[in-house]
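Trainee: Sequence:
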Amino acid sequence: MLTDKKWHHDLFRVIKQYSAKYAEKEALEITPYIPKKIYENSIIIPAYNESDHFFQRIKNSPLAQSKLLLIVIINQPDSDDDIRINQQLWDRFIESNNTINYSHFHHWLTIDNSLLDVLLINRFTEKIPHQQGVGLARKIGGDIICKLIQSGCLNNYWINTTDCDAHLPDNYFSVLYANTTQQHSAAIYPYIHQHSNDTQLLEATRHYEQWLNHYVEQLKKAGSPYAYHTLGSCMASNSLYYCQTRGFPKRAAGEDFYLLNKLTKLGKVITLNNTEITLDARVSDRVPFGTGPAVKKILAMDNPEEEHLYYHPQCFKELSCLLEGFSTLFTYRESPQIWLRHLSPPLQMALNTLGFTKLLIHINKQTLSSEQCYQHCHDWLDGFRTLKLIHLLEENYPRLPFSKLSLYQ
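With the numbering used here applied, the sequence shown covers 75 to 483.
Careful, some of the hints might be misleading.
With a cut-off of at most 27 Å between alpha-carbon atoms, the simulated DSSO-like pairs for lysine-lysine come out as follows [to be verified]: (1) Lys-295 / Lys-342; (2) Lys-99 / Lys-111; (3) Lys-80 / Lys-141; (4) Lys-79 / Lys-110; (5) Lys-133 / Lys-111; (6) Lys-80 / Lys-90; (7) Lys-370 / Lys-462; (8) Lys-324 / Lys-336; (9) Lys-221 / Lys-336; (10) Lys-221 / Lys-201; (11) Lys-478 / Lys-391; (12) Lys-79 / Lys-141; (13) Lys-391 / Lys-295; (14) Lys-201 / Lys-95; (15) Lys-111 / Lys-79; (16) Lys-339 / Lys-295; (17) Lys-141 / Lys-221; (18) Lys-336 / Lys-80.
With beta-carbon atoms standing in for the labels, derived distance ranges [to be verified]: (19) Thr-105 / Leu-373: 44 to 50 Å; (20) Thr-255 / Ser-401: 22 to 28 Å; (21) Asn-175 / Gly-297: 50 to 56 Å.
Note that these hints are calculated values from the structure, not bench results. From the three backbone atoms N, C-alpha and C, an ideal C-beta is built for every residue, glycine too.
Please work from the sequences and hints to get the whole structure.
Mentor: This is the structure:
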């Protein structure tokens with residue numbers, strides 16, 4: 075895949091600069107251990123208190139018939155002292171497979187009768203700061219991928235991340251390569267939650283999945299460029315743009331959201347079609363917010379159909395009005411108060427709270443064209459500010475149960 079010489083040169087330059095300043099120590103220390111192999115594909119999986127079921131699935135799937143490197147970061151926050159489950163997973167990997175090389179923090183393994191190799195990273199004896207959590211684990215993997223690209227060991231510029239509860243489709247790699255270019259900064263895989271004998275758990279998970287789908291669909295309908303799902307288990311990042319954004323944010327949760335927020339400002343983010351990742355429905359307390367805690371909250375409800383509330387459709391109509399208005403803002407840059415009159419009072423109040431006045435001043439002083447102004451607006455109203463805007467609009471348009479959404483569409 076690394077065939078464009080100029081782009082290839084730019085990629086190596088950016089990786090070198092990034093590695094010198096921002097790469098995690100594991101990525102730097104792995105360099106002398108990189109084998110004289112060329113991998114076609116790679117996957118990063120952080121594992122915290124997991125069994126090896128995820129490995130067995132990949133090992134027995136068609137994905138393992140390509141030259142695949144699976145990077146498993148067995149990690150644990152410093153708030154958890156019990157390493158027994160992580161130690162069992164580490165030992166099981168090493169005892170069941172063949173070691174190419176190893177150090178105090180890694181084992182590079184080959185799998186019998188397979189083109190699959192495993193790079194096992196230990197971040198559970200030297201624990202991860204709890205506030206950095208899974209974000210640091212993913213960043214370690216992403217930074218290692220960049221070093222492998224730089225060394226010529228990986229013939230691919232995509233950083234694929236997933237989780238232990240994910241069942242990857244057979245076309246996981248082929249659909250990515252067939253639908254992206256070097257100008258894509260990220261790709262999102264569609265997903266569905268399944269695999270649970272607990273009907274209440276599965277139902278609660280699907281409630282949350284429906285809530286997420288509603289949010290993304292409404293963003294798309296409003297015309298937001300940030301209309302995509304943000305799950306670390308269902309995304310791939312272009313390593314060039316990954317380095318330019320300084321990698322995964324080191325956060326205990328939300329690292330996927332914030333990385334994608336930055337990547338959207340640098341290149342195209344595509345949601346892939348004709349594929350789907352299946353996620354296990356399960357309750358988890360591994361992260362402070364996200365799917366696991368949200369499902370746990372829904373399970374505690376007496377009547378989720380009425381108690382689990384969705385953003386009011388009018389919030390997204392206000393967002394749509396704002397996004398449409400960005401195309402004319404440059405014309406009114408010297409008299410923005412005229413432009414603002416076209417927005418509703420609730421929207422004007424929300425924008426004022428978000429500090430929109432600073433953007434208007436910047437546009438008047440710095441932008442030279444309508445196109446530049448439009449881009450500044452979309453960079454300002456990124457995925458994070460869009461979510462804050464929706465929350466501010468809730469003061470006028472409170473949330474509704476799913477059954478009542480159609481009354482306001």
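Trainee: Indicate, hint by hint, whether the structure satisfies it.
Mentor: Structure-based check of each hint:
1. Restraint check: the Cα-Cα separation between Lys-295 and Lys-342 comes to about 18 Å, which is no more than 27 Å; the hinted pair holds.
2. A hinted pair counts as satisfied when its Cα atoms are at most 27 Å apart, and Lys-99 with Lys-111 qualifies at roughly 22 Å.
3. For the proposed pair Lys-80 and Lys-141, the alpha carbon gap of about 26 Å is at most 27 Å, so the pair holds.
4. Proposed proximity of Lys-79 and Lys-110 is supported: the alpha carbons are some 22 Å apart, at most 27 Å.
5. For the proposed pair Lys-133 and Lys-111, the alpha carbon gap of about 19 Å is at most 27 Å, so the pair holds.
6. For the proposed pair Lys-80 and Lys-90, the alpha carbon gap of about 15 Å is at most 27 Å, so the pair holds.
7. Distance restraint check for Lys-370 and Lys-462: the Cα-Cα separation of roughly 24 Å lies within the 27 Å cut-off, and the hinted pair is therefore satisfied.
8. Only pairs whose Cα atoms come within 27 Å are accepted, and Lys-324 paired with Lys-336 is accepted, the gap being roughly 14 Å.
9. For the given pair, Lys-221 sits about 21 Å from Lys-336 by alpha-carbon distance, which is consistent with the 27 Å threshold.
10. In summary, the hint linking Lys-221 to Lys-201 is supported, as the alpha carbons are separated by about 23 Å, within the 27 Å threshold.
11. For a cut-off of 27 Å, the pair hint linking Lys-478 to Lys-391 stands: about 16 Å separates their Cα positions.
12. Only pairs whose Cα atoms come within 27 Å are accepted, and Lys-79 paired with Lys-141 is accepted, the gap being roughly 23 Å.
13. Simply put, Lys-391 and Lys-295 have alpha-carbon atoms about 9 Å apart, close enough for the 27 Å limit, and the pair holds.
14. Taken as a hint, the Lys-201 and Lys-95 pair is honoured in the structure, with Cα atoms around 22 Å apart against an allowance of 27 Å.
15. The suggested pairing of Lys-111 with Lys-79 holds, with an alpha-carbon distance near 21 Å, which does not exceed 27 Å.
16. Using a Cα cut-off of 27 Å, the hinted pair Lys-339 and Lys-295 holds, with the two alpha carbons roughly 20 Å apart.
17. A threshold of 27 Å between alpha carbons decides the hint, and for Lys-141 with Lys-221 the separation of about 17 Å falls inside it, so the pair holds.
18. Proximity of Lys-336 to Lys-80 is assessed by CA-CA distance (about 24 Å); at most 27 Å being required, the pair is judged to hold.
19. Under the hint 44 to 50 Å, the C-beta atoms of Thr-105 and Leu-373, about 46 Å apart, fit the expected range.
20. A hinted range of 22 to 28 Å for the beta carbons of Thr-255 and Ser-401 is consistent with their spacing of about 26 Å.
21. Here the CB-CB span from Asn-175 to Gly-297 is close to 51 Å, well matched to the stated 50 to 56 Å.
When the structure is compared with the earlier hints, no violation turns up for any of them.
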